[in-house]
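Enquirer: These are the residues of each chain, in order.
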Amino acid sequence: MGSFKLGRMTMRSLLGKPATAMYPVVPPVYFERTKGHVENDIETCILCSICEKKCPSQAIVVDKPAKSWTIDPFRCVQCNACVIACPKQCLTMVNTYTAPATSKSTLTVTKAEAAS
Amino acid sequence: MGKRTIIPFGPQHPVLPEPVHLDLVLEDEIVVAAIPQIGFVHRGLEKLVEKRDYNQFMYVAERICGICSFGHSLGYAQTIEALMDVEIPKRAEYLRVIWHELSRIHSHLLWLGLVADGFGYESLFMHTWRLRERVLDIFEKTTGGRVIFSACTVGGVVHDIENSELSGIVAVLDGLASEYAELSGAFLKDTSVNNRLVGVGVLTKEQAYDLSAVGPFGRASGLPYDIRSIGYGGYADLANFVPVTSPAGDSYARCEVRVKEVLASIEIIKELVAKIPAGEIAVAVKGAPAAGSQVVSRLEQPRGEAFYYAKGNGTKFLDRFRVRTPTSINIPGMVTALAGCQLADVPMIVLTIDPCISCTER
Ligand code: SF4
Ligand code: SF4
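Taken in order, these protein sequences are the chains called A and B. Anchor point for the first sequence: position 6 equals 6 in the working numbering, and the numbering is continuous, going up by one each time. Whatever position you read off the second sequence (first residue = 1), add 1000 for the working numbering.
Treat the hints as calculated values from the structure; they're not laboratory data. Hints are not guaranteed to be accurate.
What the hints assert, rightly or not - Simulated DEER-style distance windows between Cβ atoms: (1) Pro1277/B / Ala85/A: 24 to 32 Å; (2) Val29/A / Ala1171/B: 16 to 24 Å; (3) Asn1195/B / Ile84/A: 51 to 59 Å; (4) Tyr23/A / Lys1003/B: 41 to 49 Å; (5) Pro100/A / Pro1247/B: 46 to 54 Å; (6) Ser1178/B / Ser49/A: 46 to 54 Å.
Said to hold, decoys possible - Examples of chain A residues lying across from chain B (beta carbon under 8 Å, computed): (7) Leu6; (8) Thr10; (9) Leu14; (10) Ala19; (11) Phe31; (12) Thr34; (13) Lys35; (14) Pro56; (15) Arg75; (16) Val77; (17) Asn80; (18) Ala81; (19) Ile84.
Even glycine gets a Cβ: it sits at the ideal position worked out from N, Cα and C.
The following block holds chain A by itself, in its conformation from the complex (with noise of 0.2 Å):
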């Protein structure tokens, strides 16, 4: 009897919609929360360290003289403890996630004053 249920839903699910998306004909939907990675708004930032001592994972960076923060997002888990943190609220998790690479590297924002 129980089988016979089941073969029901399977008859369901061949005539139906597919459960999954068509990736990637059909590009994936990503939520607001979505925990993708990362960003800075550099031109915010005050500098001040707080994201770097608050992240489990030592993925930031800040460098004070040389005005810029980097983020090693190879490291980071996206735990969103550095975006609740920021005291300037400058940083923020976007909800796609980063390019694969075929290598590991890190990435650095500047401000634009240091830069030129």
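With the hints as your guide, set chain B with the ligands onto chain A.
Expert: Below, chain B with the ligands alone, put in the same frame as chain A:
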């Protein structure tokens, strides 16, 4: 007496992805004894409390297990809150329980899928995991993560769930429950499933009691122990909580307990959604655990009772943190249930304790 042979089983096994090794002592096809060995994936993350402060360790604690990740963050948060005498807002307690019960649903659905896969019923496995996906979507929508949520902090929770979204969750669970009713029929009534489960790997109530079996494993032997019934956190406000038990003690009973616990969890979530108070979701926690303070706390994980111990030293770093996960306490019971079974049933019986060796080794 037949000739005795010793057959090694695991730590790599096609049916069982868990790194547990068993030396099976066989007489013909019958297992007379099983000698377990773990220690293949030791991570030593308890030692990390010395290097990460108590707030940062939250993110380490939730990585103890990939399936009960929320449960471990909740257990850790409860322990530290008890250590520092923090009382968290009611709404946070409710939200924690809602996420925790959703984790139980997803964990049990995962297990039911694995067990279906274990006895070779592929379509049942696929359907179970298809349903589980809806729960994972709820997680991603409400916390941003499918597996690791980082939703708990010491003092409360990070994200609120709007009341409208909570009703949305109940609607999803209602839809899930109706399809789940069809699925559970296959688990509980199908002859081919029953042939693999009924009377296999029996653990009597006395044995379960003596060996301190916990969780669905113990409850399937008729032990009515469930830490949720002591009413910690939001569980205190449930009108009526009765642990799901089954008397038979065989693999079928373990399956039955988990099948019914999914429905019980859906009921708990519905009740809490109806009762959830408005208000804050976290309190600010300042300072550090006092020197010499110690706390023990317990929690019902999907696999059974987990036990946490923490000791403060006056700084932001803990002196000691210790977790005892349900699997480690269930291993003696599993070995007992294995004695006398057929060799072909070994992977099935090991699966029925829902082993999570990686979190046992932390
Ligand atoms: S916490 Fe915020 S303001 Fe401070 S360094 Fe980090 S990103 Fe900049
Ligand atoms: S999200 Fe967490 S791991 Fe990633 S940079 Fe921020 S604090 Fe570090």
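Enquirer: Taking the hints in turn, state whether each one holds.
Expert: Here is how each hint holds up against the structure:
In this structure the hint that Pro1277/B and Ala85/A lie 24 to 32 Å apart at CB holds, the actual value being about 28 Å. One distance hint, 16 to 24 Å for the beta-carbon pair Val29/A and Ala1171/B, holds here, with the actual separation near 19 Å. For Asn1195/B paired with Ile84/A, a C-beta distance near 53 Å keeps the hint of 51 to 59 Å intact. For Tyr23/A and Lys1003/B, the Cβ-Cβ distance of about 54 Å falls outside the hinted range of 41 to 49 Å, so the restraint is violated.
Taking 46 to 54 Å as the suggested C-beta distance range, the pair Pro100/A and Pro1247/B conforms, at roughly 52 Å. A C-beta distance of roughly 53 Å is found between Ser1178/B and Ser49/A, which places it inside the suggested range of 46 to 54 Å. With a cut of 8 Å, the hint placing Leu6/A at the interface with chain B holds, because the nearest CB-to-CB distance is about 4 Å. A distance limit of 8 Å between C-beta atoms decides the matter here; for Thr10/A the minimum to chain B is near 5 Å, and the interface restraint holds.
With its C-beta approaching chain B no nearer than about 10 Å, Leu14/A sits outside the 8 Å limit, and its interface hint is violated. For Ala19/A, the suggested interface contact is upheld, since its CB lies about 5 Å from the closest CB of chain B, less than 8 Å. Proximity of Phe31/A to chain B holds as hinted, the smallest CB-CB distance being about 5 Å (cut-off 8 Å). At its closest, the beta carbon of Thr34/A sits 5 Å from a beta carbon of chain B; the interface hint therefore holds under the 8 Å criterion.
The restraint placing Lys35/A at the interface with chain B holds, with a minimum CB-CB distance near 4 Å, inside the 8 Å limit. Proximity of Pro56/A to chain B holds as hinted, the smallest CB-CB distance being about 4 Å (cut-off 8 Å). Of the supplied interface hints, the one on Arg75/A is violated, with its beta-carbon coming no nearer than about 12 Å to a beta-carbon of chain B, more than 8 Å. Given the 8 Å rule on beta carbons, the hint for Val77/A holds: about 7 Å separates it from the nearest Cβ of chain B.
Given the 8 Å rule on beta carbons, the hint for Asn80/A holds: about 5 Å separates it from the nearest Cβ of chain B. With a cut of 8 Å, the hint placing Ala81/A at the interface with chain B holds, because the nearest CB-to-CB distance is about 7 Å. Nearest Cβ of chain B to the Cβ of Ile84/A: about 7 Å, under the 8 Å cut. The hint holds.
Checked against the numbered hints above, the structure breaks hints 4, 9, 15 and satisfies the rest.
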